[in-house]
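Trainee: Here is what each chain is made of, one letter per residue.
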Amino acid sequence: MTKWILLVLVLGVFMGIFLVPASFIDTLDTLISVGLMMVLFLVGIGVGRQKGLFSHLRRMGPRILLVPLMAALGSISGASLAGVLILKMPWHQAGAVGAGFGWYSFVGVELTRHSAYLGTLAFITNITREMGSLVLIPLVVKMLGGLEATGMSGASAMSIALPVISKETDANITIIAFISGMTMALMVPLVVPLIMRLGG
Amino acid sequence: MTILVYIAVLLTGGFISARGFLKPGGEKQADRLLSVSLFLLIFMMGIKIGMDEYVLNSFRTIGIQALVLVVSSVAFSIGGVRLVAKYVLRWEEDTQ
Chain A
1 MTKWILLVLV
11 LGVFMGIFLV
21 PASFIDTLDT
31 LISVGLMMVL
41 FLVGIGVGRQ
51 KGLFSHLRRM
61 GPRILLVPLM
71 AALGSISGAS
81 LAGVLILKMP
91 WHQAGAVGAG
101 FGWYSFVGVE
111 LTRHSAYLGT
121 LAFITNITRE
131 MGSLVLIPLV
141 VKMLGGLEAT
151 GMSGASAMSI
161 ALPVISKETD
171 ANITIIAFIS
181 GMTMALMVPL
191 VVPLIMRLGG
Chain B
1 MTILVYIAVL
11 LTGGFISARG
21 FLKPGGEKQA
31 DRLLSVSLFL
41 LIFMMGIKIG
51 MDEYVLNSFR
61 TIGIQALVLV
71 VSSVAFSIGG
81 VRLVAKYVLR
91 WEEDTQ
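Residue numbers (my numbering), protein chains in the order written: chain A, 1 to 200; chain B, 1 to 96.
In short, the hints are calculated from the structure, not lab data.
None of the values given here were measured: they were computed from a predicted structure.
In silico DSS-like cross-links for lysine-lysine, where the CA-CA straight-line distance does not exceed 27 Å:
# : chain 1 : residue 1 : chain 2 : residue 2
1 : A       : Lys167    : A       : Lys51
2 : A       : Lys167    : A       : Lys142
3 : B       : Lys23     : A       : Lys51
4 : A       : Lys3      : A       : Lys167
5 : A       : Lys51     : B       : Lys28
6 : B       : Lys86     : A       : Lys142
7 : A       : Lys167    : B       : Lys86
8 : B       : Lys28     : A       : Lys3
Given only the sequences and the hints, what does the whole structure look like? Please build it.
Mentor: Take a look at the structure:
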């Protein structure tokens, strides 16, 4: 999947450089907005059909939601701090990039609406997070634990990272990983625009 | 305003699916449509990047910035979860 996404992205970049006229930019922004709505609607459909989710949540207790909440808070504050202290970026831009939680397709496109530079940075940062997590999960599980590996994976814990987490941990951590990944994925479309608004 | 629209769209999708308003086979179609929409969005994002000369000339800088941001955000995420695991969830496990 990642391979195809990168291929399509590169194809788009070449189209942008050589074929698409500059006058197309407004139409492109409208198309991106419509596309984002479509994706969110379909993600909502995916979440709505997880019928056993609430019973799992009830069984484990609401405290389990602290895992995604702290992972999200850590991600945003970590990116903001590094952005301000090391990269000399505005806190909200760095924080919004960190708030992608590994959902590179959404955060990349959402921040491209603000600037192509920020969108590209968000895309590369978050795709690196997803791919890096896949590689590092076994190591983090061994050294720190399954919950920490879940936090590291961010939103990918409900999708591409789930089979790896499941293989390296137990059934309980796997359910927590799914709930955590889903919670973080649902937070992305809300938190990224919110941070940009707070800063801008 | 954008956030409210996003919430509304997400909830609408969730409601339609949870209430069983999708036709049989609709879930598979939704999955397929999600993949197609994602690829189209990524393609359009690529076009926008390709049209921006400043971004094209800054790929090296962006790569370094991305590395700094990802290391820091992942480290803080792990730290945050570790706090919860150690001081909140362990207590819960002990009391079960």
